[in-house]
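Peer 1: The residues making up each chain are set out below.
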Amino acid sequence: MAEVQLNINGQPHQADVESRLLLVHFIREVANLTGTHIGCDSTSCGACTVLVDGLPAKSCTLFAVQVNGADISTVEGLEQDGQLHPIQEGFFEEHGLQCGFCTPGMMMAGVALLERNANPSEADVRHAISGNLCRCTGYVNIVKAIQYAGAKMRGELPERAAKEVA
Amino acid sequence: MAVAIQGMGHSVKRKEDPRFLRGRGNYIDDLKLPGMLYMDILRSPYAHAIIKSIDASRALTLPGVLAVITGKDLDAAGLAWMPTLMSDKQMVLPVDRVVYQAQEVAAVIATERYIAADGITLIDVDYEPLPVVVDPKKALEPGATLVRPDREQKDNHIWHWEAGDKTATDQSFQEAAVVAKEDIYLPRIHVSSIETCGCVASFDKMAGKLTIWMTTQAPHAIRTVFSLVSKIPEHNIRVISPDIGGGFGGKVPVYPGYVIATVASITTGKPVKWIEDRSENLQADSFARDYHMTAELAATADGKMKALRIKTIADHGAFDAAANPSKFPAGLFSICTGSYDIPAAHMEVDGVYTNKPPGGIAYRCSFRVTEAVHAIERMVDSLALKLNMDPAALRLKNFIPPESFPYKSATGWEYDSGNYPAALHKAMDTIGYADLRREQAEKRARGELMGIGISTFTEIVGAGPSHTFDILGIKMFDSCEIRVHPTGSAIVRIGVQTQGQGHETTFAQIVAEELGLPVENITVEHGDTDTAPYGLGTYASRSTATAGAAAAMAARKIREKARLLAAHLLEASPDDLEWKDYQFQVKGDPARAKTMADIAFAAYTNHPQGMEAGLEAVNYYDPPNLTFPFGSYICVVDIDRGTGEVKIRRFVAIDDCGNIINPMIVDGQIHGGLTMGMAPALLEEISYDEAGNMRQSTFMDYLLPTAMETPAWELDKTCTPSPHHPFGAKGVGESATVGAPPAIVNAVVDALSHVGVSHIDIPITPWKVYAILEAHGLAAP
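Line by line, the protein sequences are chains A and B. Letter by letter, the first sequence follows residues 488 to 653 in the numbering used here. Letter by letter, the second sequence follows residues 95 to 875 in the numbering used here.
Only chain A is shown next, with the shape it has when bound in the complex (with noise of 0.2 Å):
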């Protein structure tokens, strides 16, 4: 056992795990925080990706304890003050998601991608997400929706009225 604090979305956690628990098992049943999914186990599908320390990283393939005292960003954290994400506005604009398993893990290698690249073309766009299996969309609108987000976080789209994001 191994005692691990993680700061996620600004919240300490902090448990006594065996050292072989997955990060994204700390996450989900540890924390509570069930929006990070998991989809293959062999970090191929990013349904899991979370970021760490701000970069994107698969968390079905990491130990909790190797990323011990760091800050962990969930698609739970994305919201805040009741003010959804650009990301979330922009899947949500532009019909990004279907079923919604691949969703949280899509939007986080979407935020990392717009950290660094404020205005993605579609191919940066597509090489960001290229990591995250899609099985219900053919990625066309989530591309768009990474775009829509980057333009809204540029300032380059209006407020939107809040009733019209649920």
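A few of these clues could be false.
Label pairs and their in silico Cβ distance ranges [said to hold, decoys possible]:
#, chain 1, residue 1, chain 2, residue 2, range
1, A, S608, B, D149, 57 to 67 Å
2, A, N555, B, K166, 43 to 53 Å
3, B, P128, A, D503, 19 to 29 Å
4, B, D670, A, P645, 41 to 51 Å
5, B, V712, A, D503, 50 to 60 Å
6, A, E505, B, T562, 51 to 61 Å
7, B, K231, A, D503, 54 to 64 Å
Honestly, the hints are just simulated from the structure, not real lab data. Note that the structure is a prediction, hence the values are computed from the model and not measured. We put the beta carbon where it would ideally sit given N, CA and C, even for glycine.
Position chain B against the provided structure of chain A, taking the given hints into account.
Peer 2: Relative to the frame of chain A, chain B by itself:
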């Protein structure tokens, strides 16, 4: 204007999105119940073996392991086998033998997920390996290894199925001027929804009630099957489909894990969770395709099609656990005359057992329609090559003419409506077909390889008319119940089950359109058998065609009662009222009108004496016919002579699914469908070595398309409403998966046809193309 209705034809943003966007979906693995136990499953390393013994003693000494369940335990309760949907039976856990690799052998129940996983490594199984048969053609040879000694019939043949007129077809072939013939293999593929399968079974001993949260596309049918098998009365079984992370057909079957977890919960009195990992999902859950076809198309010398003949060996694995309507062991394969007016057709399919996991389920397609479309669309191009005719011209010459609908096909289907030339012309205009052919000729002269492929497919969906379609005797109707509340909002419950299709939005739109209530005031619920009306579930593009129709019909029942209420409120005769602009108004005096909100309030506060209070209705819709969506797809590929890589340069998809509820959602369905059509055409294949070892057991080897390979699809529509559907819709979820593969294959073959290539089996991998380039001296040095 008050709040917008946003009924039919509006790109309403989805009502289900807010929870998904916040990570607050409720998928199966998110469920946590007090005292919940975890189950893990030990699987067979061998494709065929006798189980000499199973020793669980080491596992049972591990702290946290509460039980190990084996086939012998289940056998004592009469549950070692379960019926399949296809009149076969399937092992839940084996008593004495395993018949495919990764078959369930034993289950461990433990207090924690990781302990359950540890537990299965401590079970000692003594296997005696047996000879393995993985090739269905070899499985049919005399003396072949017997996959199913439990059957009375001592060979590997399951069933023989035929459709069409053999005599007339053979006669046409004898007289034909030109015959094209190809051997076409559609390999095994796996739907691989990003969420795997799983369940939480919770048996309440005190109430005698079993609740199962399950990744299922068909909760009501599952409840009935569970009741019949377990003898638990059906009212004491509640099946709940929570949010489902993609289905595509893979969540229709009943997998052994669901049954074992249920037994474990009944035995322990605690809730038991079972979640597959990806390798289990890829290796053991049901597969699609695995069709070995020999197809022939006969025509006159000037290209008029006369007859189609197809013989197929269908590899169903070790159990016939396909999910086809009961009377259709080969699904709707007899739709294979496609969009063409072919006077004679005959097809035969033989189902075969092999030492592979169960096959024959769908991969985002209505029962075996992808196989049918692949066969005919490939054969049309093969015939065009023989005739030295342009494949578009050959199609236009042979299309079922728009004026001959409803059209009766040679295999007996009555196509509801269609306009195939319009769709093809639109596709050709959009992509610039004539210019592309010129460009191809110029490139070919320079030694560059580009190809143009067409697929003008017809689907058959919306099963189905109950006179023909049932599953285990349950007729394939579907249902909707609507309750309008006093203040003019409503709850809609449906018998189908969304897995990403957006039913919470589209069904609200249907009801909004019919009742004149705003979409935002309508809640849609589904997936809970204790509350939703009975239905057969969502697969085979049937939801809009069946439950969508039921929603409209239930709403129309409500509207008829609303007319009487409006007449009462307006002190007018019901016959003097008309439904216009989403309200009942007095004919010729539109100022005297009542909205549905006014009427709903009256239904609970001011209804006339003698009339029942309330405003609700239920409808079980039995469609009079299937629906026949169609489309014209054109694909342009460039082939890299150095690597054999096929690059899709453009792909234009013209779809016709009749009237559209939500254009945004329809386009999303087509984007996804096209990508799942490209996947098997270029990337995905499940294969086995001679010992029955599956070669693609992780996403490292089974290649789902990423955003990098997937092109920017170009979409457009034509609209030919279904004449028999209440609002003219046909269904769209699977059209693109069905229609896209032959467009891609036809494009690659077209790029290589000048050196004599007439067919390539999918997936068209770079090495497969490079081998062709090398053989014909086309490979770049």
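Peer 1: With reference to the structure, classify each hint as holding or not holding.
Peer 2: Hints, one by one, checked against the model:
| no. | hint | in the structure |
| --- | --- | --- |
| 1 | S608/A - D149/B: 57 to 67 Å | 60 Å, holds |
| 2 | N555/A - K166/B: 43 to 53 Å | 46 Å, holds |
| 3 | P128/B - D503/A: 19 to 29 Å | 22 Å, holds |
| 4 | D670/B - P645/A: 41 to 51 Å | 48 Å, holds |
| 5 | V712/B - D503/A: 50 to 60 Å | 54 Å, holds |
| 6 | E505/A - T562/B: 51 to 61 Å | 56 Å, holds |
| 7 | K231/B - D503/A: 54 to 64 Å | 58 Å, holds |
Hint compliance for this structure: every hint is met.
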